[in-house]
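Number of protein chains: 4
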Amino acid sequence: MSFNFASDNVAGASRPVLDALVAANGGPMPAYGTDPITLRVVSMLAELFERDIEALLVATGTAANALALAACLDPWGLCLCHEEAHVIDDECGAPEFFAHGAKLLGLPGTGGKLSPETLGQAIDRLPRHEKQMPAQVVSLSQATEAGLVYTPDEIAALAAVAHARGLVVHMDGARFANALVQLGCSPAALTWRAGVDILSFGATKNGCFAAEAVIAFKPDLVRSLRFRRKRSGHTLSKGRLLAAQFDGYLRDDHWLDNARHANAAAARLSAGLAGVAGIRLAWPTQANEVFAILSSGMDAALKAAGTIYHPWSPRSLADGERLGPGEALVRLVCSFAPEPSDVDGVIAAARSAGR
Amino acid sequence: MSFNFASDNVAGASRPVLDALVAANGGPMPAYGTDPITLRVVSMLAELFERDIEALLVATGTAANALALAACLDPWGLCLCHEEAHVIDDECGAPEFFAHGAKLLGLPGTGGKLSPETLGQAIDRLPRHEKQMPAQVVSLSQATEAGLVYTPDEIAALAAVAHARGLVVHMDGARFANALVQLGCSPAALTWRAGVDILSFGATKNGCFAAEAVIAFKPDLVRSLRFRRKRSGHTLSKGRLLAAQFDGYLRDDHWLDNARHANAAAARLSAGLAGVAGIRLAWPTQANEVFAILSSGMDAALKAAGTIYHPWSPRSLADGERLGPGEALVRLVCSFAPEPSDVDGVIAAARSAGR
Amino acid sequence: MSFNFASDNVAGASRPVLDALVAANGGPMPAYGTDPITLRVVSMLAELFERDIEALLVATGTAANALALAACLDPWGLCLCHEEAHVIDDECGAPEFFAHGAKLLGLPGTGGKLSPETLGQAIDRLPRHEKQMPAQVVSLSQATEAGLVYTPDEIAALAAVAHARGLVVHMDGARFANALVQLGCSPAALTWRAGVDILSFGATKNGCFAAEAVIAFKPDLVRSLRFRRKRSGHTLSKGRLLAAQFDGYLRDDHWLDNARHANAAAARLSAGLAGVAGIRLAWPTQANEVFAILSSGMDAALKAAGTIYHPWSPRSLADGERLGPGEALVRLVCSFAPEPSDVDGVIAAARSAGR
Amino acid sequence: MSFNFASDNVAGASRPVLDALVAANGGPMPAYGTDPITLRVVSMLAELFERDIEALLVATGTAANALALAACLDPWGLCLCHEEAHVIDDECGAPEFFAHGAKLLGLPGTGGKLSPETLGQAIDRLPRHEKQMPAQVVSLSQATEAGLVYTPDEIAALAAVAHARGLVVHMDGARFANALVQLGCSPAALTWRAGVDILSFGATKNGCFAAEAVIAFKPDLVRSLRFRRKRSGHTLSKGRLLAAQFDGYLRDDHWLDNARHANAAAARLSAGLAGVAGIRLAWPTQANEVFAILSSGMDAALKAAGTIYHPWSPRSLADGERLGPGEALVRLVCSFAPEPSDVDGVIAAARSAGR
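Protein chains in written order, with our numbering: chain A, 448 to 802; chain B, 448 to 802; chain C, 448 to 802; chain D, 448 to 802.
Honestly, the hints are just simulated from the structure, not real lab data.
Quick caveat: nothing in here was measured; it's all calculated off a predicted structure.
Treat the hints with care, as some may be off.
Listed next, with one range per pair, are the computed distances between beta-carbon atoms [to be verified]:
hint	chain 1	residue 1	chain 2	residue 2	range
1	D	Leu703	A	Pro563	31 to 39 Å
2	B	Gly771	A	Pro483	37 to 45 Å
3	A	His757	B	Asp667	26 to 34 Å
4	D	Ser760	A	Asp766	17 to 25 Å
5	D	Glu768	A	Pro563	24 to 32 Å
6	D	Leu703	A	His757	18 to 26 Å
Cβ coordinates follow ideal geometry from the N, Cα and C atoms, glycine included.
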């Protein structure tokens, strides 16, 4: 028996997503994203975001992020992001590749969050000369890599810093749904109304097989995207594969249900582990991920009980917090799939070990 | 009523492919292509090709081709191919992007086929100086863009020309299955035994949603592929999506059945149209595509009858053949999906118009 | 004794250029092209072209061309040029590198010249789909690789075709001075007044060591150039090296004197060879290069007499013209340096052999 | 009256370099670096380094560094260097451009120097997965950006760390001569004998106009360099321009004389400023640069006296050292050109202000 909290991508697709894909399979449809399902999905997204948008569907979050950043960056441009952001740390240089050698500069911040002060000082400290790459974009992860969320006000404050200095604001929304249900606000409030210019709207982690959308809120960011997508091999000839997943995902607020399920599981897990000896939370649980500092004994006990999770870098710990001897910082991720009983199994194992 | 012969990608997935995907959906699996289905598919491919291989699954033919070519090309290298090859004409510069500015040089040839003489002369005519990009790869399309097939002997002759000059041989096998069943030979005979070094093994056009494999027969071509795939956003986190399609595609020779079905439809269509006034075949039908020269009246009549197809460039016509006034060269593609009755509908419309 | 007509770059710098460099050497100056000599040279160029311009100095024609084209091309853009243009044939893919994978498409034309008809048809024939790279630039070589010149009217006709289709017009002016003195018109008439948007203004071949300028007539093409130059390693810290060469080159019309000298030498050589048995001119001599078709005996005799020159590709021969058995098409280039006696030596050798 | 200590590139060329250039100007020579002067210079460099080498001449240090790093890096590779290294901070992303999106990772260290511990831990901390860019190169600056030198033993220790982990060692020798004369060792001892695999051998700052060499000590790093150089526009057609500068630079140990002169000036300046109130040295003066912390009054006084210099980032200050209120860290660079009287002028101004 095992409890797999390694990642939100260990699950397959949720039932409504799979059903939509099966339903979309019959009959001929025009190719390369001109099919009626794709057109419908773009309309659904526009309605969701309460405005005209351009949305391009792709299969991976790495593609969505790299395309979005490339659309905003000159090849000699600089993108600022948190030093643990997925775009700088986990995409094997995809943004640098798509943007032809642009650079990402990582900034520190507790729990994966950037502060307006850190961002503003970092930009202002950069020399202004043709010898140095100019800052052009800031990329925010929502939820952060450490599972925290930016409120609309926090986003607006960061966007104000960025816009005042001529930068574009990108949001990596790989866990956008988890942040949204946590905050209880609208997609518009969490994005363009707060100053986000372009969004990677993730669906893979939260119930699809492989479906992401690049959503541009500024028309001039769109011009290049179709060529960039085709040229990077991300324009599916049978576009219905991506569109159908989104169709099932968005219909009847299924995506919000999935996110609520995952967040609830994480909250239950977080609460259950919080009081156990040998465990302390690294920071609050705000979405679908729990970050905990385990004693070496607890770490061994949880693994022995079949709990699967990954270690995490301590770079995002708050000032003053640090790992003690033998302690490990670990991440437990709840996808849309786990049952409360899975969560309770881990809690039980922890309590048993922590006694 | 309409008969859609626009492309092999107007269809969805075939039933066994869809079933395999549905079956693969349950339960957690490790991410990024380390799941058991991916491992099984790689084994199936190795068995199919009768040797050890490296196989990387991706979602599009453009990605497969661009990754394969990039693995063989320096950024200053030259790839020779037919002047109508998909890699040079229909991928918006994906090979140039993935290979960081490498160049493709198109060569002429009837029916999309390269001849050893044309290839050898083209390579030998290139200056040898650091001012000129050196030839490093030849890319063959199997079947060609014009629906013809290379026999194993023809491939071997081309590969001999290439290898003698230090070039690597890539095969764009977007319609590999169609060529294979036409020729009645083994996958090994049609690839590495004839000198192919790296293959884009297509499955999308022949029954999958979006599934292709880069298959390398030379180990030194493999080293870079995993990094290139990740960095281009083509490493799916939920790898089962690609693997399950291949699982359904390869199992019980389903892929060969699909190809036989499509080729038979094309043969039936070709034979039915061949004798009709106002129609002549541009060249023989050897796979799942029919290329016909239509009088303007016939063109109008077929469209009026609901037949959907695309015009085609006359560049690949044989020497001496040319389009008369008002004539159009068109392509009709049979996917795995059409019923004989669809084909017969087009033939009937043609005969009625040609009377 | 030898007569070196291999290239215009076998010479060093002309005396006034060298003197200007020596004169510029003393004392400290600010770095990276902010020195007073650079500023003066930019003013001289503006006066020469009778308008505000942006001019960036670099050391090589390849750099000038690649920077200029990259400033006009998206990474997925297409540049049309003559099939023998330097940018497509002799720069090892520098434009493709600087423009991040953009593509050059070579068009045919006698004597290296594009015609408005060929250009217009080539652009109009391109498919308009995101699968295909869109045409964005046409590059003209002045003089052409085959030593012919475009008149202002011919340039205007080509520019009209290009601009009507949204393309930018680049001129590779590696031999701009030679064309200018041949045509007897002003630099403005030969460039922006005829529709040229960006110019590679060559000085190396015509008397400098290594000095070229990218001159942009449209301000929006300039924005990226300074970053592109620095990032490609072409921003010299001691900018006076480039500027001083230009100072000597432009002052007192020295550059025009050099070009007149070279053209006169070529005209003398051309006239002297024209009537000799075993020699016929491939096309007229309009700048500083003579293209001649030699019998094998004449070829051997000239080489035996110490004449140094290179063979040339027959692709640019007029329709109907072709090389007979044993015949060779060769290029003899006159730099600013050769004395009339050098030219006469070759003519004498030819006459002696042709008797 | 002014004392210009802004940079070593405010000077022109030293006399012997200029003389060699003038001497090289006459008569025809073959193009593209096949001239006899280039061949002689490569031999001189081989003798200097006491072994077979490959050396490519280019005009800028940015080009030399970017070519060298690109030759060692996959497009998805990681180069580690000091966080203030020229390659990461002052080249507008040239290494990222030439290496097609590779990444540079800056590490801390007092006075611009990397320690073996910092380097080893940084490499070892990197995740090993295709999602992360693998470390492939370490780049050392000799002298460092902060004017300190690495001893042969220090280089060997860093190279041992790098080689044990499969990394290649690059040295940015923009101020190689200054380090060499400071240490009193041989070029071989300071490079390949200590484990350096590829060197940017600078000559521009130390007496040339624009002349640098990429010197590869491992043959497999050379293969791509000629193509990369041509394709980046750095292959001069009149190669004598670069070669002649090197000829004058290397002949009769002129380069060492220049470096000794510059270092002596810096030492004199450093000693003269050290005891003055309102000035303290940031770290020792080991080459041709003095880094001093000035009180605001001293800063104003020196500027008022006509001393030209640039502020410097405090990132490289030793742990515990920090700027007080109003204090500025500044850099004063001595080129080969200044007279002792220039130095003494600055010292006099400082003493007068510090009284």
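Practice problem: May I ask which of the numbered hints given earlier this structure violates, with the numbers listed in increasing order? | Solution: 1, 6
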